[in-house]
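A.B. asks: What follows is the residue order along each chain.
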Amino acid sequence: MNLHILGPFEPYILPMIYAVVIVLVLPLLAGYIVLLERKVMADMQARLGPMRVGPHGLLQPIADAIKLLIKEDIIPDEADKAIFWVAPLISVTAGMLAYAALPFGPVFQIADLNIGLLFILGVSSMGIYGIVLGGWASNSHYSLLGALRSAAQLVSYETAGGLALVSVLLLGGSLSMRRLVQAQAHIGIWFIFLVPIGFFIYLVASIAETNRAPFDLPEAESELVAGYMTEYSGFRWSLYFLAEYANMIVVAGIATTLFLGGWLRPFTSVSWRAPGSTIEVLDLIPSFVFLFASAYCLWRSPRQPVRIQKLVMVLVGLLLLGLAGLMGWSITASLAIRHGVHGAFWFMAKILVYLYAFLWFRFTFPRYRFDQLMRLGWHFLIPLALVNVMGVGVALVLYWQYGWGLGPSLVLTTLITLVVAGWLAVTDDRRQAAAALTSAAGGGD
Amino acid sequence: MPGDLMLNIVLFYFFAALAVVSAVLVVTRKNVVHSAIFLITSLLATAGIYLQLEAEFLFAVQIILYVGGIMVLFVFVIMLVNLDVSLHQLQFNRQWWVASLLALVLAAQFLIAIWLGRGAVNLSPPVAAALQPNSELIGQKLFENYMLPFEIASILLLVAMIGAVVMAKRRI
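Going down the list, the sequences are from chains A and B.
Each residue of the first sequence is one higher than the one before, counting from 1 in our numbering.
Each residue of the second sequence is one higher than the one before, counting from 1 in our numbering.
Simulated from the structure, these hints should not be mistaken for laboratory data.
Just so it is clear, CB atoms sit at the ideal spot from N, CA and C, and this is done for glycine as well.
Keep in mind that a hint or two might mislead.
[To be verified] Pair by pair, the computed Cβ-Cβ distance ranges are:
hint : chain 1 : residue 1 : chain 2 : residue 2 : range
1    : B       : V10       : A       : L326      : 37 to 43 angstroms
2    : B       : I155      : A       : R273      : 54 to 60 angstroms
3    : B       : E151      : A       : Q182      : 46 to 52 angstroms
4    : B       : L157      : A       : T438      : 31 to 37 angstroms
5    : A       : Y356      : B       : A99       : 55 to 61 angstroms
6    : B       : F143      : A       : I13       : 36 to 42 angstroms
7    : B       : L157      : A       : I189      : 35 to 41 angstroms
8    : B       : K169      : A       : I70       : 35 to 41 angstroms
9    : A       : L424      : B       : I155      : 22 to 28 angstroms
10   : B       : A99       : A       : L424      : 51 to 57 angstroms
11   : A       : L326      : B       : M161      : 52 to 58 angstroms
All chains should be modelled from the sequences, with the hints used to inform the complete structure.
C.D. replies: Next up, the structure:
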């Protein structure tokens, strides 16, 4: 690109464009993840979910957004006005800033920071101020209790999640998100298969950090109305909502980059070509995914009840067909375009799989009690994460200094860590049973 | 003036002004929660200056430890305190003018010292070699050259933590 007229600001142009794209697309993406959540929930509960606005409810997020924008904005009389006003903005800003270092592919990344992972963790940990200050400024007991729970929960689970990430950093040897993916490409295997326990700990911790069920105690509606969001309504409430979904995508992005191979396609090191051509067969997967989705939409469109819905369904089908064409065309295009487009596809696909796991847990597990949540964090996950980090360290020493293979040494230490996990769970259960006995005998403390 | 340098200067003065103004507001606000928020902005502005000096690791540590950890606990405790009492108390006692006089004298001393030593300060742009990725370097320095002090500091923190738990808990 020839942008020399811009002089010294030239290197900032492309990142700025990326940033604007992310800020514009993120609310839409959050809206459609909400739709996905409602559809998955409906499916698991044998219902249909939203079906009215657009075919299969495809325009529901837009209707919801308009509804939220034109709702009355209520600020309680007793609230601390300035903080009440600013708190949702803090949450959203912190959630969106983290995207600056998230690699949506080898090309589509705003900044490849040397401290990428630390930047994302630090910036997204500031989102807690939005929750805490919003809960305090509302001047309501429900809000304050929700905010306190949220602060305690986030601080506890950040430790376990951070320690789980350290086990990957030991293997990857860098804090830069891009180099961590490159390390996985170099080894030829995703880190989830090398440190499965680390992934498990991060999965649990990330659910707790984003305040999702079964750890959604800050907004437990059966006890706290809506927790820290009780006094918020309309647009400000939707900002909190946006921040929650932005944070979900961020933790999914961290897990994707660190454990699931980032923008790499499955079986990166496998080269499987049709005879007499240079096209990788596995590179065709994205095209076929979109092609099938498009065919399904076009097939369903005559069965829609109203003519406008038929039209929208055909449009969606054509859009998906266009995406399939883009994926197919990019295989034959230059290397940068191919890697950029396909990397973005695989990254988003992995994020969606991770988010699907979030939804799945939400509709499967009952909500934890607050003391159970704290016990799980402090008595089980943090010790386990420490043992896991030590195990990976021992495996690396065996690999570097004693000539073991990386695989066997990691399998050995993972097994040892699993034994420790079982021991932790059993002793914690016994201690709980003993505590329950003594408190029952003593008539409470 | 090259645009990059101008941008740098603008950013520096923005962060510096933000840090100073919010530091003053920390002291003058009556509401403790407002003070805590301004303390957070002051810490964030300092982090911004670190980032501008390409001390990326220090920036991350400042945000994760001070803003994301310590200040969260501060706010956590403040929210549990009854604020109405502090709102009706006198914020400054009658010796405030002595303190501000001393502060002014101290500031004057600093200014004079900086002015006298201005020849020793070299404000030329840093050489490019000095700006290599520094989180790896900090790690190497900590774990190779300064291993013992680092471990002693961690043990000190551990002892402090255990001491706090022992003092706070009635029955262990």
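A.B. asks: Taking each numbered hint in turn, which are not upheld by the structure, reported in ascending numerical order?
C.D. replies: 3, 8
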